[in-house]
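Engineer: Chains as they are written, first to last, in the numbering used here: chain L, 1 to 494; chain W, 1 to 99; chain P, 1 to 477.
Simulated from the structure, these hints should not be mistaken for laboratory data.
No residue lacks a Cβ here, since even glycine has one placed at the ideal position from N, Cα and C.
Heads up, a few of these hints could be off.
Which residues of chain W face chain L? A few of them, derived with a C-beta cut under 10 angstroms, are [claimed, not checked]:
| id | residue |
| --- | --- |
| 1 | 4 |
| 2 | 11 |
| 3 | 55 |
| 4 | 83 |
Okay, the calculated bits of chain W under chain L, using three or more residues with CB under 8 angstroms as the criterion [to be verified]:
| id | region |
| --- | --- |
| 5 | 25 to 33 |
| 6 | 42 to 51 |
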Amino acid sequence: MTELSHLPAWRLAELVAAREVSARELATLHLARIARADAALGAFLLVDEAGALGRADRIDAALARGEQPGPLAGVPLALKDIFVTRGIATTVASRILAGWIPPYDGTAVARLYAAGANLLGKLNMDEFAMGSSNENSSVKPCRNPWDLTRVPGGSSGGSAAAVAAGLCAGSLGTDTGGSIRQPAAFCGLVGMKPTYGRVSRYGVVAFASSLDQVGPMTRNVRDAALLLQAIAGHDPHDATSIDAPVPDYRAACERGARGLGGLKIGLPAEYFVDGGGINPEVERAVRAGIARLEDAGATVVPVSLPHTKYAVACYYLVATAEASSNLARYDGVRFGHRAEGTGSLLELYCKSRGEGFGPEVKRRIMLGTFALRSGHYDAYYRKAQQVRALIKRDFDEAFTQVDLIATPATPTAAFRLGEKAADPLAMYLADIFTISCNLAGLPGVSVPCGFTEAGLPIGLQLIAPPLCEEQLFTAAAAHELATDFHTRRPPELA
Amino acid sequence: MASITSDEVRQTALLARLALTDDEVARLTLELSHLLGYIEQLTALDTAGVEPMTHAVPMDCPLRLDTPAPSLAADDALAAAPRRADDYFEVPKIIEAGS
Amino acid sequence: MTATKWEAVIGLECHVQLATETKAFSASASIYGAPPNSCTDPTVLGLPGALPVVNRRQIELALTLGLATGSTLRRRSRFSRKHYFYPDLPKGYQISQFDEPLCEHGTVEFVVDGVPRSVRLTRIHLEEDAGKNLHRAKRSLVDLNRAGVPLVEIVSEPELRSAEEAGEYMRTLRQLVRWLGISDGNMEEGSLRCDANVSLRPVGATTLGTKAELKNINSFKFVERAIEHEIARQTAILDAGGRVVQESRLWDADAGTSHAMRSKEEAHDYRYLPDPDLPPLVIDEEWIDRARAALPELPTARRQRLVAEYGLTVADARVLTEERALADWFEAAARAHGDGKRVSNWVQSELLRELNRDARTIDACPIRPEALAALLRLIDDGTISGKIAKEVFTKMYASGDAPGVIVEREGLVQVTDTSAIETAARAAIDANPKQAEQYRAGKTQMIGFFVGQVMKATGGKANPAAVNEVLARLLGA
Ligand SMILES: [Mg+2]
Ligand SMILES: [Zn+2]
Numbered sequence: 001m002t003e004l005s006h007l008p009a010w011r012l013a014e015l016v017a018a019r020e021v022s023a024r025e026l027a028t029l030h031l032a033r034i035a036r037a038d039a040a041l042g043a044f045l046l047v048d049e050a051g052a053l054g055r056a057d058r059i060d061a062a063l064a065r066g067e068q069p070g071p072l073a074g075v076p077l078a079l080k081d082i083f084v085t086r087g088i089a090t091t092v093a094s095r096i097l098a099g100w101i102p103p104y105d106g107t108a109v110a111r112l113y114a115a116g117a118n119l120l121g122k123l124n125m126d127e128f129a130m131g132s133s134n135e136n137s138s139v140k141p142c143r144n145p146w147d148l149t150r151v152p153g154g155s156s157g158g159s160a161a162a163v164a165a166g167l168c169a170g171s172l173g174t175d176t177g178g179s180i181r182q183p184a185a186f187c188g189l190v191g192m193k194p195t196y197g198r199v200s201r202y203g204v205v206a207f208a209s210s211l212d213q214v215g216p217m218t219r220n221v222r223d224a225a226l227l228l229q230a231i232a233g234h235d236p237h238d239a240t241s242i243d244a245p246v247p248d249y250r251a252a253c254e255r256g257a258r259g260l261g262g263l264k265i266g267l268p269a270e271y272f273v274d275g276g277g278i279n280p281e282v283e284r285a286v287r288a289g290i291a292r293l294e295d296a297g298a299t300v301v302p303v304s305l306p307h308t309k310y311a312v313a314c315y316y317l318v319a320t321a322e323a324s325s326n327l328a329r330y331d332g333v334r335f336g337h338r339a340e341g342t343g344s345l346l347e348l349y350c351k352s353r354g355e356g357f358g359p360e361v362k363r364r365i366m367l368g369t370f371a372l373r374s375g376h377y378d379a380y381y382r383k384a385q386q387v388r389a390l391i392k393r394d395f396d397e398a399f400t401q402v403d404l405i406a407t408p409a410t411p412t413a414a415f416r417l418g419e420k421a422a423d424p425l426a427m428y429l430a431d432i433f434t435i436s437c438n439l440a441g442l443p444g445v446s447v448p449c450g451f452t453e454a455g456l457p458i459g460l461q462l463i464a465p466p467l468c469e470e471q472l473f474t475a476a477a478a479h480e481l482a483t484d485f486h487t488r489r490p491p492e493l494a
Numbered sequence: 001m002a003s004i005t006s007d008e009v010r011q012t013a014l015l016a017r018l019a020l021t022d023d024e025v026a027r028l029t030l031e032l033s034h035l036l037g038y039i040e041q042l043t044a045l046d047t048a049g050v051e052p053m054t055h056a057v058p059m060d061c062p063l064r065l066d067t068p069a070p071s072l073a074a075d076d077a078l079a080a081a082p083r084r085a086d087d088y089f090e091v092p093k094i095i096e097a098g099s
Numbered sequence: 001m002t003a004t005k006w007e008a009v010i011g012l013e014c015h016v017q018l019a020t021e022t023k024a025f026s027a028s029a030s031i032y033g034a035p036p037n038s039c040t041d042p043t044v045l046g047l048p049g050a051l052p053v054v055n056r057r058q059i060e061l062a063l064t065l066g067l068a069t070g071s072t073l074r075r076r077s078r079f080s081r082k083h084y085f086y087p088d089l090p091k092g093y094q095i096s097q098f099d100e101p102l103c104e105h106g107t108v109e110f111v112v113d114g115v116p117r118s119v120r121l122t123r124i125h126l127e128e129d130a131g132k133n134l135h136r137a138k139r140s141l142v143d144l145n146r147a148g149v150p151l152v153e154i155v156s157e158p159e160l161r162s163a164e165e166a167g168e169y170m171r172t173l174r175q176l177v178r179w180l181g182i183s184d185g186n187m188e189e190g191s192l193r194c195d196a197n198v199s200l201r202p203v204g205a206t207t208l209g210t211k212a213e214l215k216n217i218n219s220f221k222f223v224e225r226a227i228e229h230e231i232a233r234q235t236a237i238l239d240a241g242g243r244v245v246q247e248s249r250l251w252d253a254d255a256g257t258s259h260a261m262r263s264k265e266e267a268h269d270y271r272y273l274p275d276p277d278l279p280p281l282v283i284d285e286e287w288i289d290r291a292r293a294a295l296p297e298l299p300t301a302r303r304q305r306l307v308a309e310y311g312l313t314v315a316d317a318r319v320l321t322e323e324r325a326l327a328d329w330f331e332a333a334a335r336a337h338g339d340g341k342r343v344s345n346w347v348q349s350e351l352l353r354e355l356n357r358d359a360r361t362i363d364a365c366p367i368r369p370e371a372l373a374a375l376l377r378l379i380d381d382g383t384i385s386g387k388i389a390k391e392v393f394t395k396m397y398a399s400g401d402a403p404g405v406i407v408e409r410e411g412l413v414q415v416t417d418t419s420a421i422e423t424a425a426r427a428a429i430d431a432n433p434k435q436a437e438q439y440r441a442g443k444t445q446m447i448g449f450f451v452g453q454v455m456k457a458t459g460g461k462a463n464p465a466a467v468n469e470v471l472a473r474l475l476g477a
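Sequences are here, hints too, so could you generate the full structure?
Structural biologist: And the structure:
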């Protein structure tokens with residue numbers, strides 16, 4: 001039998017519900033693994049040992065009293081440090097929010113607790129979710145458990161690393177331009193960005209409000225369905241939350257076993273262009289993944305998404321403009337870092353923010369502020385929103401012909417720490433395959449579809465029309481059935 | 001439009017309330033010019049008549065009933081304040097408005 | 001003097017706090033005068049991760065004002081973020097409306113010196129209020145209770161021409177928002193605040209001069225004074241051949257003067273951005289129809305109807321329509337009694353005197369409209385005299401008792417018994433032979449003297465008509 005630390009989350013929930021394993025046992029085991037391995041990995045920003053054990057005991061006590069176990073009973077999770085957790089420091093890996101203890105829980109967190117999940121701690125990330133390598137964390141870099149010289153991806157790098165290394169059974173990330181799917185691809189995980197509005201953003205520190213979306217990062221498809229099931233659905237605290245019923249995602253996964261007969265999958269030519277930056281090894285693995293979907297009964301047809309090449313430029317205007325606005329609240333007055341010895345209000349603002357934000361965050365605030373300056377709005381932000389409409393139109397058009405779209409999740413496998421750190425644009429282009437989904441508000445998932453010769457995971461991305469997460473789960477589950485990638489484990493860390 | 005001067009960088013930094021060192025200004029002038037150059041490709045695209053997309057999933061604004069929920073206790077509201085005076089947030093004396 | 005050389009051009013931006021229970025974008029209570037920082041929540045504080053959700057009530061109230069001013073209501077309007085850094089602005093931006101406001105092109109009608117005036121409104125938009133900064137010797141303190149309270153900003157076209165007009169416009173707006181029940185319009189508590197854009201131009205010119213923005217006119221009595229002062233200031237500059245500088249000026253009510261606000265270190269650039277947290281606000285026809293149906297009769301129409309229906313003078317109707325509750329009270333009493341004109345006289349002379357003395361509003365009036373009607377009926381049927389009725393009224397106001405109860409309890413029933421009156425009349429005539437002689441010699445107005453004597457003798461309870469009749473008979477004999 002696989003060790004507990006690498007069992008699927010859904011299986012752990014079953015064991016706890018059946019009282020074959022206690023929540024405390026799971027918490028203790030994972031806390032010990034964190035203590036052993038995380039120094040090398042750098043995935044955790046905070047380990048809430050006392051809190052986790054207390055919660056585990058309360059879960060066990062409730063089960064002992066005969067209370068109905070939640071669907072995540074006792075499952076040890078850890079969350080990207082962008083989720084606001086009452087009484088537990090929430091920092092977005094930024095100096096400006098170091099030590100902030102929130103007075104409230106976000107909706108996703110509250111729903112996880114309500115489902116019986118345990119929370120072990122908070123995970124590393126790029127500061128304010130701005131980055132694709134986790135190198136922008138103001139605290140420490142995080143490493144890829146498959147190769148410690150490489151990045152885990154970002155911005156949900158800590159989540160990807162911790163789940164892949166078996167330090168927690170699953171995690172939630174956020175995805176603004178690929179920040180769930182790209183690290184999932186780099187670390188061999190299933191990472192889903194649901195439809196914009198499917199999961200509440202209330203209590204998720206905002207980066208770019210019209211793009212941000214919460215999603216699961218897990219070691220297998222069914223775990224992703226389990227986590228999404230727990231957090232999805234309308235939230236009156238988020239005005240952009242979609243008021244639509246949440247289907248049974250587990251059933252959608254199970255349908256994958258019956259094959260994909262009748263499913264039409266589109267291959268966008270623009271994602272497979274020669275010299276488009278896609279690494280041949282990655283392309284081979286992605287095409288192999290698509291072949292597996294065909295083997296399962298799907299038909300593959302070419303589609304076109306002609307505005308794809310504008311996505312990165314469009315994204316960096318929309319995302320930075322919104323970020324410059326969202327980050328205006330970090331002013332050193334009500335919470336967060338405040339510079340010492342400032343005589344005037346202006347100085348207080350400028351120094352607190354100058355000291356508190358790291359270089360990438362400043363770069364984006366600057367770009368976004370510049371784009372919104374009077375006289376610039378039409379040429380930049382408005383133009384980008386128009387291009388965004390065209391990108392969305394491309395997808396709408398494609399989805400009249402196909403049910404899903406398949407692409408690589410990333411142009412390359414995990415790169416080395418420092419490899420792209422000096423060139424912001426090169427780093428931005430690492431998100432080229434994931435960004436369009438966010439601009440169009442569509443659900444997308446990255447699933448493991450192979451490994452490079454050097455042993456690095458590769459991700460296949462599937463994209464669906466709005467609110468069609470079920471189809472993603474079905475296809476992803478069918479693909480998973482044909483592989484053993486999800487059972488492979490990175491080397492154990494001493 | 002495709003580039004930005006160091007003066008514009010300083011003005012933008014002031015608008016954004018970011019203290020920047022001279023080195024940062026120099027570096028940002030280069031980087032932002034580079035990024036704006038890349039973004040410039042959008043201008044080539046004809047978007048005449050295209051309605052800007054402000055929300056990924058079109059919906060109407062939901063409305064909440066005017067029913068009060070408990071407020072935070074003042075102590076909780078002020079708990080994270082770097083500087084607090086009695087039950088107020090404290091800031092340097094504001095001299096922008098008025099004499 | 002050059003006083004007629006310049007024409008003032010004035011536009012007002014008025015902020016009106018809407019009477020809701022909760023804030024514009026969160027469910028934290030909206031209460032005036034609560035202990036500092038006790039009316040906040042994560043959204044009001046702008047905590048990381050907190051999001052706005054629109055309070056429906058504020059939209060209803062704004063729609064009501066939009067309809068009452070004949071505005072065009074935008075079926076799809078939008079919330080935008082207006083960015084600036086200030087300690088009373090928690091998020092670093094104010095949620096407001098920019099290019100797609102809820103209401104446009106309304107009008108406000110009012111009367112100056114008996115002449116009807118009408119001013120067009122550019123727009124009425126929704127926005128959230130900021131908190132409050134308190135200035136101490138060496139630091140400033142921030143109270144965020146008021147942050148997030150819903151406001152409408154009413155922007156007029158620059159069509160006002162004098163301080164007096166501006167004042168009348170403001171009073172009309174205040175009356176209107178109170179009438180509609182959308183705000184208490186209390187300037188002292190900041191529920192109604194106003195900035196004035198003032199410029200001068202040569203009489204006859206059509207282009208606008210350079211304007212100054214007068215900020216923070218936060219007391220009703222200073223609206224006119226502040227604008228007058230600004231007109232005088234600009235007149236002096238222009239007369240001296242100088243140029244007005246475009247700037248914001250802060251009105252200092254204590255000093256009775258204004259001064260330029262220290263220009264911020266950089267020019268304003270609010271970087272408006274459609275708020276990505278809030279989808280477009282959609283108002284459907286059904287909602288508008290319901291709001292229209294619920295709209296009360298507006299002050300002008302009410303005034304006209306009072307004149308037509310009860311035969312009141314325009315001046316009386318104006319007083320009675322100062323507050324909707326007063327007009328309602330008046331009409332209830334007028335309907336109960338039947339003679340609106342007399343009810344109006346009583347309301348204006350007796351009722352308002354009592355209320356004003358106690359600084360009470362009509363809502364707190366201890367006398368019910370039906371009770372005034374009953375009192376007037378006691379006069380009509382001769383039970384009491386008009387003079388006694390005023391006494392009874394005072395007692396009704398003090399005790400809340402019905403007039404019949406008071407009259408009975410205090411033995412105020414009028415003496416109509418002719419024999420008692422005759423006794424008193426004879427006594428008066430006997431005691432004043434000289435005056436009786438004068439009367440008989442043709443000086444008939446002397447009867448007033450004898451009426452006074454009889455009333456005195458009967459403690460005012462004698463029926464005046466009966467007294468007159470008896471005296472005339474006895475004196476004429
Ligand atoms: Mg204004
Ligand atoms: Zn305003």
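Engineer: Which constraints among the numbered hints does this structure fail? Numbers only, ascending.
Structural biologist: none
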